[in-house]
Structure formats: structure tokens, C-alpha cells
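Listed in order, the protein sequences are those of chains A and B. Letter by letter, the first sequence follows residues 1 to 436 of the UniProt record's numbering. Letter by letter, the second sequence follows residues 1 to 436 of the UniProt record's numbering.
Calculated directly from the structure, the hints in this document are not laboratory data. Please read all numbers here as calculations on a predicted model, not as lab measurements. One thing to keep in mind: the hints can contain errors.
Which residues of chain A face chain B? A few of them, derived with a C-beta cut under 8 Å, are [stated by the list, open to error]:
| id | residue |
| --- | --- |
| 1 | Ser114 |
| 2 | Ile390 |
| 3 | Leu394 |
Estimated spans, in silico, between C-beta atoms of each pair [unchecked claim]:
| id | chain 1 | residue 1 | chain 2 | residue 2 | range |
| --- | --- | --- | --- | --- | --- |
| 4 | B | Pro120 | A | Lys392 | 53 to 59 Å |
| 5 | A | Pro292 | B | Thr88 | 26 to 32 Å |
| 6 | B | Asn211 | A | Thr313 | 57 to 63 Å |
| 7 | B | Gly380 | A | Met184 | 31 to 37 Å |
| 8 | A | Thr361 | B | Pro344 | 34 to 40 Å |
| 9 | B | Lys234 | A | Gly316 | 56 to 62 Å |
Just so you know, even glycine gets a beta-carbon here, dropped at the ideal spot from N, CA and C.
Protein chains: 2
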Amino acid sequence: MAVASQASPFKSPFLQEPCSDRHKVANLRTSFLGWRSSRPQLAPKQQHRISCSVAPSPTQAPPLPKGAECYGVFCVTYDLKEEEKPKTWKKLVRVAVSGAAGTISNHLLFKIASGEVFGPDQPVALNLLGSDRSKEALEGVAMELEDSLYPLLREVIIGTDAYEVFRDAEWALLIGAKPRGPGMERADLLDINGQIFAAKGKALNEVASPNVKVIVVGNPCNTNALICLNNAPKIPKKNFHALTRLDENRAKCQLALKAGVFYDNVSNVTIWGNHSTTQVPDFVNAKINGRPVKEVINDHKWLEEEFTLTVQTRGGVLIKKWGRSSAASTAVSIVDAMKSLVQPTAPGDWFSSGVYAAGNTYGIDNDLVFSLPCRSKGDGDYEIVSGLTIDKYLYERIKKSEDELVAERRCVAHLIGEENGYCDLPGGDTMLPGEQ
Amino acid sequence: MAVASQASPFKSPFLQEPCSDRHKVANLRTSFLGWRSSRPQLAPKQQHRISCSVAPSPTQAPPLPKGAECYGVFCVTYDLKEEEKPKTWKKLVRVAVSGAAGTISNHLLFKIASGEVFGPDQPVALNLLGSDRSKEALEGVAMELEDSLYPLLREVIIGTDAYEVFRDAEWALLIGAKPRGPGMERADLLDINGQIFAAKGKALNEVASPNVKVIVVGNPCNTNALICLNNAPKIPKKNFHALTRLDENRAKCQLALKAGVFYDNVSNVTIWGNHSTTQVPDFVNAKINGRPVKEVINDHKWLEEEFTLTVQTRGGVLIKKWGRSSAASTAVSIVDAMKSLVQPTAPGDWFSSGVYAAGNTYGIDNDLVFSLPCRSKGDGDYEIVSGLTIDKYLYERIKKSEDELVAERRCVAHLIGEENGYCDLPGGDTMLPGEQ
Chain A
1 MAVASQASPF
11 KSPFLQEPCS
21 DRHKVANLRT
31 SFLGWRSSRP
41 QLAPKQQHRI
51 SCSVAPSPTQ
61 APPLPKGAEC
71 YGVFCVTYDL
81 KEEEKPKTWK
91 KLVRVAVSGA
101 AGTISNHLLF
111 KIASGEVFGP
121 DQPVALNLLG
131 SDRSKEALEG
141 VAMELEDSLY
151 PLLREVIIGT
161 DAYEVFRDAE
171 WALLIGAKPR
181 GPGMERADLL
191 DINGQIFAAK
201 GKALNEVASP
211 NVKVIVVGNP
221 CNTNALICLN
231 NAPKIPKKNF
241 HALTRLDENR
251 AKCQLALKAG
261 VFYDNVSNVT
271 IWGNHSTTQV
281 PDFVNAKING
291 RPVKEVINDH
301 KWLEEEFTLT
311 VQTRGGVLIK
321 KWGRSSAAST
331 AVSIVDAMKS
341 LVQPTAPGDW
351 FSSGVYAAGN
361 TYGIDNDLVF
371 SLPCRSKGDG
381 DYEIVSGLTI
391 DKYLYERIKK
401 SEDELVAERR
411 CVAHLIGEEN
421 GYCDLPGGDT
431 MLPGEQ
Chain B
1 MAVASQASPF
11 KSPFLQEPCS
21 DRHKVANLRT
31 SFLGWRSSRP
41 QLAPKQQHRI
51 SCSVAPSPTQ
61 APPLPKGAEC
71 YGVFCVTYDL
81 KEEEKPKTWK
91 KLVRVAVSGA
101 AGTISNHLLF
111 KIASGEVFGP
121 DQPVALNLLG
131 SDRSKEALEG
141 VAMELEDSLY
151 PLLREVIIGT
161 DAYEVFRDAE
171 WALLIGAKPR
181 GPGMERADLL
191 DINGQIFAAK
201 GKALNEVASP
211 NVKVIVVGNP
221 CNTNALICLN
231 NAPKIPKKNF
241 HALTRLDENR
251 AKCQLALKAG
261 VFYDNVSNVT
271 IWGNHSTTQV
281 PDFVNAKING
291 RPVKEVINDH
301 KWLEEEFTLT
311 VQTRGGVLIK
321 KWGRSSAAST
331 AVSIVDAMKS
341 LVQPTAPGDW
351 FSSGVYAAGN
361 TYGIDNDLVF
371 SLPCRSKGDG
381 DYEIVSGLTI
391 DKYLYERIKK
401 SEDELVAERR
411 CVAHLIGEEN
421 GYCDLPGGDT
431 MLPGEQ
């Protein structure tokens, strides 16, 4: 090891000799500091992977000699040196994040790296996608991840090309989106972001793990997710999620506050529909200490009027208080959304996620990404929970949100391979206050 | 419970009847939304505590009736309802944070609330200190903490008065400090921040737990910590720390990079002295895979020249990349510093902390806060590790850092109860690049 240690990572003579897939590694120095946006010679896959000093060729793949070494902190000693890896550790999981230099990601990445999502026995690789504008910041983020010495974080890749960065991703967290500029109509925003998410879908389809789980955070997230999945035909449609978990968390908090209980007593809260002001936080099926909310909170006027409004406008209130949108709690809700898929749902409970609505039993248009009650066995997959009570109050509101999503879909027909699209979004601005 | 639930938290008739100490609670609505900076009638202790609806008086303290309820999410159901609390949970720990609306805190608070510091069986109360300027932002932070539904976070108090917010704190993380303005000399900064930390020390002395552990992050942190402990005579001097853990983390990262190993193979790294450019990252006693660094890294010129400079200037490089100082990795290093005190140090290893130097075996002035190698049994306490090799290289540099701290102490004599102070700081600017 002493000999290998002396070589400078910048002068490795082994750069042109890629590791086998089983041993593939990313070199921190190359990935971070030798930023390559032009990609002159190497094929994409080779560019952000560098080889080990003593690595088998892809065809041979013999057991690695003891003490084999790679360069760079994030070089995968984990994969290379079995004897150094805790016996209980799982196989590396690769998480790709777009908008990785933004404030939401700045909270989220450190949470994932710390083990908060996948647990203390799950090593993680982070593949970070930025833009030309943000690449310096992205290098800064990667340096801070280095300085944080997270033992579970074994690999970081940064780049501006989704076809490189999404490669082999088992999770894709699509946070980056174009914020709405002054005077921009919702239709314009749908089109601009729709194009971004169509491109992301194509890249995922091409290079990500075929069973990648995708969580769309960039707004308008439901329709962005619909566009994304339509552009990624190789990936199961049910693997795509639009984030409505922050809405669910806010709804739980408000119900707890009103009832005077701690929030772990609130369960079975659904957000139905679009992540917009037409969203429907469901107090009809929700429970407090196992009892229907309407039995515990007698103030039904508050439930029907203030509750929903408070949940919807929470983001706007926070922006006024805080001077910027709520990055920290959004990151927490992304962690929650991921944990809901990798940990079994508590018996009898469910969680909300914007999912492809095919097969739902509520009569909702099957070809939408619609927030619905879901439960998971903790295997990354989920099922839509059937049998919830849809009373007149819920029905009318859910229908309105469905209508909005159908109109959004018509607006982006050109991005999902359909013809005869036209834009007739229902009147009024239904962007959530504080959403970009 | 149904009856209690209907009452508005703003109209509780029980506000004037404080809970017993054992059952004391903070009401979210009062603490967050009914911000009181003027404090017209109630004594400080009563102001940010509100009572439970069914609570014993302090003198009686009978067992609480089952189903006793408080208002607000953060009302301590934990303390009140034994039957709802997991049997394995520990007693609530109270953590006070100054500068709580800043970017470092915005990362740190969510980490503490998530259980990253104290573990999954340790409920937490956060007492957040802001300024008049930041109180809206602080409300925003508290709302985001609410929306994050952390099960371990049982109480949040926000305020602008250290005598209220530090009450009963078992940990005090002093992050808030005045940033250096344009043209401000280091002596001016020492004086301005020194006054802030003298005031913080007095407040801690008065109202915090007598065994509170204090970590000073605001710069110049060593001398701020010295001022703070001199103004808190009731609290053991050894309970005060100045944060040099980010420097240690950065040093470990650089050694790992140079040696081509992952950072969990790097141990025994000390930062000696002042958290300034006179700091001494110690490669003489550090180890890689249990072997002396100088045996593993033969490039001694790099160790003696580039290594130290790289560690010192990392913050400045990050600011250039990232456009702002490194909040996320600073927060991580605060978590690391706390964990080093509540978890036993690995056998044979140590960690760095700026501590009161009394009793050190290295001949360093006993009346300084000096970064030294420490180890802990995980009980919140620590001991200074003796017997490290101080060669000529280290000695000269450690002496220079000591001289600087002695000069800083003379500069702030008026703040630590000494006379005849005068300011003759060594020439040159030794603020770390990127530090405020």
C-alpha cells in the first residue's frame, strides 16, 4: 500500500484501464477537480469512472489482490477490499440528484450521506447533476461532503450531463427545475419545465438502472413526473413519484396542533391530487389516536375551511417569515418519501405520494400522476390503498384537482407523444404560494 | 381528551398555573406565534413555559391523571404521558443554540432533532436564541421543525433573551457572533464579540444547568470561549469548548486523499492551538491504518508545507466555489464534536477540541482555550490526552499559536476580569479565510 500511496492521484498511470463493472470506481480528483464538460475523447461511461491501480480487466475479473488501492477519498475501498468492509454492510446504492447545487439538495445530500434514509449498514454513492452555471457551487458541495467524513458515503460523481450522471442510478431525485420568472404564465412554466423533464426521462431511460425509483420535486411536479415517465418507456411507470409528502407532513402538523396532541398520534393522512392549491388534504379518513379526526376535532368548520387553506398556504407564510422557500423541511419530506418506500408501512397506516394512477379504485383518470394513499412492504415498491371513504366534500374537491391535472396534460401533449394538445388551464393561479 | 382538544391554545385558562418542574412544558403557540419580546408581566421563567390543562402544582406533584393534555405540538406529551413514551427512551435533553436563525443552525437543528447526535432513544428540546432582526426567520425555522414531524423533538422554545432561552440548558451551542465588517481590525472584532460572549457566559451562569456543556462556534472562538467561561464561574471551566473539529475533519480528508485511502483509515489527528491560521494540524502523531503518517506518506515536503496550508485555506476555497461559507460541513463538525462527548472515543484514538488548557502536560499556558487531543468515556466529559510527540516542527508552530492566544487574552483583559490589558496582536491577519 505504501507504494501505491505515494503516487499522485493526478498522475495515475492507470487512468486508461477501466475497472470491471463489479469494481467500478469514481475518482474524486477526476470527478470534482478535473471537471470535464467538453468530453473530448472518452466515451461517457469511462469519463467519470477511473480505474484502480490494480484492477482486473472486465473479461477476467479475478479476485483482487489484497491491498489493492484506488486514488481519491471516494474511491471504492468498499467494493475493492472486502476485508475492510463491515460484514453487515449491504451492496452500494447509487442515488442521482438533479439540482444538486441548490438549497434543498444542500440539506438533502448530507442527510442521505449520513445514513438517515437507508440506515447505518447501507453504503451510498451520490451522482450529482448541476448546470454550467452551478458547477463551481457543485464542486463546493462535493468538497463539503468530503470534509464531512461520512463513512457510508463511498463515492461522489458530479457532472452537467444527465447521460453521465444518471448512469446506473437506483434512485433519481429530480429537484432541479426552472423557477417561474416575472410575468410567466403557468402554461409557459409547464412547457419549459416539461422540456427539462422530458430530457431527464430520456436520460434515465437510457442509462439508469431499469428499476430506478424516481421522485420528482421540481414543479409543477405531478405533470413533470407524467412527462418524465412518458419519456422513459423502459422504466415501470409506477416507479415515478411526485413529491406531496411535505403537504402531508404539514397537514399532520396542523391536525396535531388543533387537537392538542403530538404528531405521532396523527395517522392515515392523504393528500389527494395535484401538488397545487387544488390539492385535497383528507381529514375524512385521517385518524388521531386511532379515532376519526372528525370525532376528535368537533370544529368541522375549521376542518372544512381553515385546515386546507393553512396546509396550502404554509409555504407562502414561511417565505414571508424566512425570506426564502422552505428548503430544510422539503429535504426532510424527501427523506420521508424515500424511507416510506424502503421501510414497511405501519399496519393500517398509509402515506401520500403522487403516483401513476393506473389501477386506482377511485375512478380517477388512470393516465395521470395523482397523489394517492400508498403503502409499501419496504422493498422500494408500493401499492395504492383502496377503500377509503370519498364523501361529497372530498369528491368535489378531488374532481377539481383531477380536472386541473387533465388540463395540464393536454397542455403538454407535445411532450408525452400525444397529438392535438391545447392549453385551457382552469382560471386562477393554482401554483402553491412559495413554489417556484 | 376530546374536550381538551376543542379549546383554543390561545385561550387556555391554565396559563397562569405553571407545571411542576418535572412536568414543565413549552407551548408551541405561545413560544412561536405569540412572540413576546417586551415581557410585560410574567417573570422570565413563566413566560416561555406554559402550563398543562391538568397539571399538579409544584408543591403537590401527584401522579398525573391518565389522558392529561397540553396544547401545541411541542407540548411535552413525553413527560406527561408515561404510557405513550417508548419504555427505552431517556430523559429529555435540552439544547440551547444561539444564532439559531443562521445558515449553520439551519443545518444543525434538523440534525439534532433527527436523532443524529444523541441517538434514537433520546428525546430533545431545542431552545433557540435569535435577535430582534432575526426573530421572524426564527419563527420560520421553528415552523419548519414542526413540519418535519421529528418524533424525538418534543419541545421548541424561541426567544431573544438569553436569560430565558438558556434556562436549564444541558448543552449550549454558541454559534451567533458579529461578522467582521469592512475595515474592522481583529482587535475590534475581539472586543465586539468578546462582549457578546461575556454576556452569554453570564446568562449561562445564571440560568443554565450547572453542568452545561458549551461549544463556542462564533469567531474568534478560542478567545470567545475563554471570555465566556470567565463570566460563568458556576460552570466548570472544562465544560467549555471552542470548535476546531471542522479543521480536524479537513485535515483527515487531506491525509486520506494524499495517501489514497478512505478517511476511516485516518486516525489520531490533532489540531493544536488557535482556530486561526496559526493552527497546527498534526501529521507527526497522526496515523493511517495504524501506521505513522510519515511512514505512509513519504512526501514530507507536502506534509510540512502544503498540507497545513490546504487545511487552513479550505474554507476560503469553498467560499469562492460556493459563494458563501461552508455551513453544512460546519454543522456536521458540530455534530461530530457533540458525538465525541456522548460516545466513547475508540481505543487508542482521540479527537480535537479547543478546551481549557489547565493541567495539560505540554507546557502550554494553563489559562487559555487551546485545541488539544482529547478522549471521552461518552459521559459528556473528556480528558486531555498526554504523551504525544512534540518534535521541533510542532513545537515551533504550537508556540506561535500559543503566543497568539496569549496576545488575544491580553486584548480582552477587560472582559475576563483582569487589569492592565493591552492589544499587541502579532502582525498579519490570522483570521481563517472565509471565517467571519
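Outcome of the hint check:
1. Proximity of Ser114(A) to chain B holds as hinted, the smallest CB-CB distance being about 6 Å (cut-off 8 Å).
2. Proximity of Ile390(A) to chain B is violated relative to the hint, the smallest CB-CB distance being about 26 Å (cut-off 8 Å).
3. Interface restraint check for Leu394(A): the shortest CB-CB distance to chain B comes to about 22 Å, outside 8 Å, so the restraint is violated.
4. One distance hint, 53 to 59 Å for the beta-carbon pair Pro120(B) and Lys392(A), is violated here, with the actual separation near 43 Å.
5. A beta carbon spacing of about 31 Å between Pro292(A) and Thr88(B) agrees with the range 26 to 32 Å that was offered as a hint.
6. Taking the beta carbon of each, Asn211(B) and Thr313(A) are about 44 Å apart, not inside 57 to 63 Å as hinted.
7. The beta-carbon spacing between Gly380(B) and Met184(A), approximately 54 Å, falls outside the hinted interval of 31 to 37 Å.
8. At roughly 54 Å, the beta-carbon separation of Thr361(A) and Pro344(B) lies outside the given 34 to 40 Å, and the hint is violated.
9. For the hinted restraint 56 to 62 Å between Lys234(B) and Gly316(A), the CB-CB distance of approximately 46 Å leaves it violated.
Comparing the model with each numbered hint stated earlier shows that hints 2, 3, 4, 6, 7, 8, 9 do not hold.
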